[in-house]
Amino acid sequence: MMISGAKIVVETLIEQGCDTVFGYPGGQVIDLFDELYDARDRVHHILTAHEQGAAHAADGYARSTGKVGVVIATSGPGATNLVTGIATAFLDSVPMVAVTGNVSCSQIGRDSFQEVDIVGVTMPITKHNFIVKNIEELADIIRMAFKIAKSGRPGPVLVDIPKDIQTAKCEFEAKAQPVIPYPIIYAPEDKLRKAVELIDSCSKPYIYFGGGIITGKASEALISFSEKLNAPMGCSLMGLSAVSCEHPNFLGMQGMHGHFASSVAEDEADLIIALGVRFSDRATGNTKRFGKNSKIIHIDIDGAELQKNITAYLPIRGDILDALERLTAMVKDHNNPEWAARIDALRIEELKRTESALKIRHSKDCENCYVKCSHSDAPEDEYLAPYDIIDTLSAAAPENIIVVTDVGQHQMWTAQRYPLKKPRTFLTSGGLGTMGYGIGASIGASIATGKHILLFTGDGSFGMNLNELATAVTNQIPVVIVIMNNGVLGMVHQIQSLFYNKRYSNTVLSRKTDFVKLAEAFGAKGIHCSNTQELKAAAEEAFSYNGPFVIDCAVDCNQLVLPTLPPGGSIDNIITEIK
Amino acid sequence: MENKYVIAVLVSNISGVLSRVSGMFTRRGFNIDSLTVGETESSGFSRITISFHGDDDIKERILQQLQKLHDVREVEVLNANDTVIRELLLIKVRNKSESRQDIMTAVEIFRSKIVDYSPTALICELTGETSKIDAFIELLKPCGIMEMCRTGIVAVERGDNCLKTVK
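Protein chains in written order, with this note's numbering: chain A, 1 to 579; chain B, 580 to 746.
No lab work stands behind these hints: they were computed from the structure.
Hints may contain errors.
[Claimed, not checked] Here are the simulated EDC-like cross-link-like pairs (lysine to aspartate or glutamate), alpha carbons at most 20 angstroms apart as the crow flies:
{"#": "1", "chain 1": "A", "residue 1": "Lys147", "chain 2": "B", "residue 2": "Asp650"}
{"#": "2", "chain 1": "A", "residue 1": "Lys292", "chain 2": "B", "residue 2": "Glu581"}
{"#": "3", "chain 1": "B", "residue 1": "Lys638", "chain 2": "A", "residue 2": "Glu268"}
{"#": "4", "chain 1": "B", "residue 1": "Lys638", "chain 2": "B", "residue 2": "Asp713"}
{"#": "5", "chain 1": "B", "residue 1": "Lys711", "chain 2": "B", "residue 2": "Asp661"}
{"#": "6", "chain 1": "A", "residue 1": "Lys133", "chain 2": "B", "residue 2": "Asp650"}
{"#": "7", "chain 1": "A", "residue 1": "Lys292", "chain 2": "A", "residue 2": "Asp270"}
{"#": "8", "chain 1": "A", "residue 1": "Lys288", "chain 2": "B", "residue 2": "Asp650"}
{"#": "9", "chain 1": "A", "residue 1": "Lys288", "chain 2": "A", "residue 2": "Glu268"}
{"#": "10", "chain 1": "B", "residue 1": "Lys583", "chain 2": "B", "residue 2": "Asp713"}
{"#": "11", "chain 1": "A", "residue 1": "Lys288", "chain 2": "B", "residue 2": "Asp661"}
[As the list claims (entries may be wrong)] Under 10 angstroms between C-beta atoms, here's a sample of chain A residues computed to sit facing chain B:
{"#": "12", "residue": "Gly17"}
{"#": "13", "residue": "Lys127"}
{"#": "14", "residue": "His128"}
{"#": "15", "residue": "Arg143"}
{"#": "16", "residue": "Met144"}
{"#": "17", "residue": "Gly152"}
{"#": "18", "residue": "Val157"}
{"#": "19", "residue": "Lys308"}
{"#": "20", "residue": "Thr311"}
{"#": "21", "residue": "Gly463"}
Every value quoted in this text rests on a predicted model; they were computed, and no experiment measured them.
The beta-carbon is built from N, C-alpha and C at its ideal position, and this holds for glycine as well.
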């Protein structure tokens with residue numbers, strides 16, 4: 001059947017199993033949107049307030065389900081507004097297909113209205129990208145985009161489609177099945193045997209896992225492996241939710257703001273088994289110092305991650321689920337009472353050290369603070385401790401709710417504290433650290449799963465993309481938005497406080513934003529909380545409300561994320577307490 | 580330990596592929612000493628020859644990152660001892676009576692060719708390995724180099740070792 005390029009795009013998206021697209025129309029995608037109008041009962045289009053929000057929504061859709069997220073934007077500014085969203089997905093290995101319109105082929109290169117070389121712009125932040133210059137290739141390019149996005153280590157792929165390609169006509173026949181990913185790469189047998197030798201001869205094993213466990217659907221295999229080894233486990237930020245926080249071997253996130261016990265256990269181990277991780281600098285601290293007491297086995301599906309940041313003793317490329325199942329079958333049962341006792345001691349030590357983090361830090365007069373914020377005069381009992389906020393919300397939230405965060409202090413507190421139990425229930429921008437990620441991702445995740453979402457954000461992060469509150473209201477997204485409102489850009493403020501002599505350059509917001517009124521203005525609900533009783537009541541109300549519900553929580557700006565490392569520091573410099 | 584490496588990269592012959600390859604080097608902070616690209620015997624593929632220096636780790640990282648690119652079919656490090664490496668030089672020098680004999684001698688010894696001769700300037704053409712080209716240029720410096728242009732290296736392994744076009 002001869003159909004237009006625009007229709008081919010829509011039909012191919014449906015053929016690939018896409019039920020929802022996020023996007024924003026514009027001059028060079030009018031034809032595409034015209035076809036979406038016809039197909040509106042087969043593919044649901046969510047109109048966001050800004051293309052960045054659409055990209056994060058596609059990301060949230062993908063992270064919460066494992067399916068490929070799809071976003072559509074027009075040429076020029078529409079396309080460049082996607083860039084942060086695409087980079088966010090790229091750094092965290094999220095499968096995404098971004099479709100952009102462009103000016104007609106004959107107009108390309110002439111600096112036409114709303115023309116930008118988006119293929120050039122996104123080359124370093126996509127797994128691959130295409131510009132379609134021939135209508136005959138259009139359907140297969142979109143299929144290939146899906147194939148690349150979901151194969152191996154997933155990632156975003158961009159397809160740029162000039163307007164004349166959308167209007168041209170071509171023969172099209174839909175395929176019966178979505179594309180199959182490239183064949184799985186299995187770890188070589190000899191390498192696994194070597195790994196078994198190392199594992200069976202070590203006495204203090206430690207498992208460090210990352211997002212690869214979630215992508216590779218290897219949570220159960222990992223748990224069996226850890227139980228057979230009796231090995232403690234810690235994870236990167238991206239690994240969170242892969243293993244239930246209640247598992248006795250799980251010590252929590254490690255690294256710069258990770259749990260004390262997991263970071264120290266990793267340092268004292270004689271064998272680190274790193275699974276589906278890329279040794280981000282946030283997880284390792286100073287790489288020269290990292291793992292100096294141990295041998296490292298590193299297993300990952302992406303060969304380019306092996307020996308990139310850390311030189312492993314035994315690098316193995318292969319599918320993580322397969323590798324773990326084979327390893328578990330081959331290794332002997334381990335029992336290391338001394339090591340187990342040491343881990344227990346570390347847990348107790350950690351509890352002691354975190355006690356102070358549970359308390360409210362409040363100083364009426366921020367010492368040496370150049371800018372007096374509105375907070376400094378308020379009495380102590382008008383603030384909530386971050387961990388109290390998280391505990392109260394998690395007590396009120398439905399079991400296995402999807403938790404989304406923005407970026408900054410609130411993100412680290414949530415990562416440290418929220419009791420995550422099931423894979424794909426924690427969505428956060430780990431690699432790129434994108435402030436403003438949360439609201440878009442929440443919308444995408446809620447639409448993908450049909451469930452309530454719990455978003456933790458800060459007043460800084462929320463300010464970046466709060467326009468998406470409009471999208472959440474329009475689409476009646478059940479999302480509880482908890483703003484840890486401390487009046488400062490907390491993470492940088494904290495670094496300035498600890499390492500820059502309290503010179504708070506441009507981190508004190510001095511804004512007068514009333515988030516309750518703001519929520520109401522958008523058509524959402526909002527409430528302000530300054531103590532636990534109020535918060536409990538608010539949380540209950542919020543989870544029974546079918547739509548966006550903003551809870552504005554007063555947090556003192558002196559509250560710190562601990563542990564922390566000084567810039568360039570390692571486990572030797574870990575700071576767990578500030579007097 | 581720093582080494583010099585020559586790699587051959589077989590890529591799909593489509594627009595933008597050179598940007599992807601060179602962009603990867605820029606993005607990851609690797610340095611390229613020389614890069615050449617041209618069509619191959621099969622019209623669907625181009626072959627890029629890249630030389631760079633670095634330690635073994637850098638080399639491995641470059642190979643891994645190149646293999647990740649969708650348009651890259653095959654990457655191979657060419658064995659320095661068993662590879663024919665060539666570069667082409669075109670160099671224009673002043674045609675002065677006092678230095679003409681020196682130029683002629685150099686041309687003869689290096690088996691270069693004079694491909695253009697005018698009253699004021701002459702152009703020499705030379706192929707060879709990089710060190711030979713370097714030496715020739717050094718020799719012509721006193722004669723007054725007006726402009727020069729070198730292609731960067733192309734390289735093919737000896738024997739029946741070939742880069743396959745099927746991934």
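Going down the list of hints, with the structure as the test:
no. : hint                     : result
1   : Lys147(A) with Asp650(B) : holds, 14 angstroms
2   : Lys292(A) with Glu581(B) : violated, 25 angstroms
3   : Lys638(B) with Glu268(A) : violated, 32 angstroms
4   : Lys638(B) with Asp713(B) : violated, 25 angstroms
5   : Lys711(B) with Asp661(B) : holds, 18 angstroms
6   : Lys133(A) with Asp650(B) : holds, 17 angstroms
7   : Lys292(A) with Asp270(A) : holds, 9 angstroms
8   : Lys288(A) with Asp650(B) : violated, 35 angstroms
9   : Lys288(A) with Glu268(A) : holds, 16 angstroms
10  : Lys583(B) with Asp713(B) : holds, 16 angstroms
11  : Lys288(A) with Asp661(B) : violated, 37 angstroms
12  : Gly17                    : violated, 21 angstroms
13  : Lys127                   : holds, 7 angstroms
14  : His128                   : holds, 4 angstroms
15  : Arg143                   : violated, 14 angstroms
16  : Met144                   : holds, 8 angstroms
17  : Gly152                   : holds, 9 angstroms
18  : Val157                   : holds, 9 angstroms
19  : Lys308                   : holds, 6 angstroms
20  : Thr311                   : holds, 7 angstroms
21  : Gly463                   : violated, 31 angstroms
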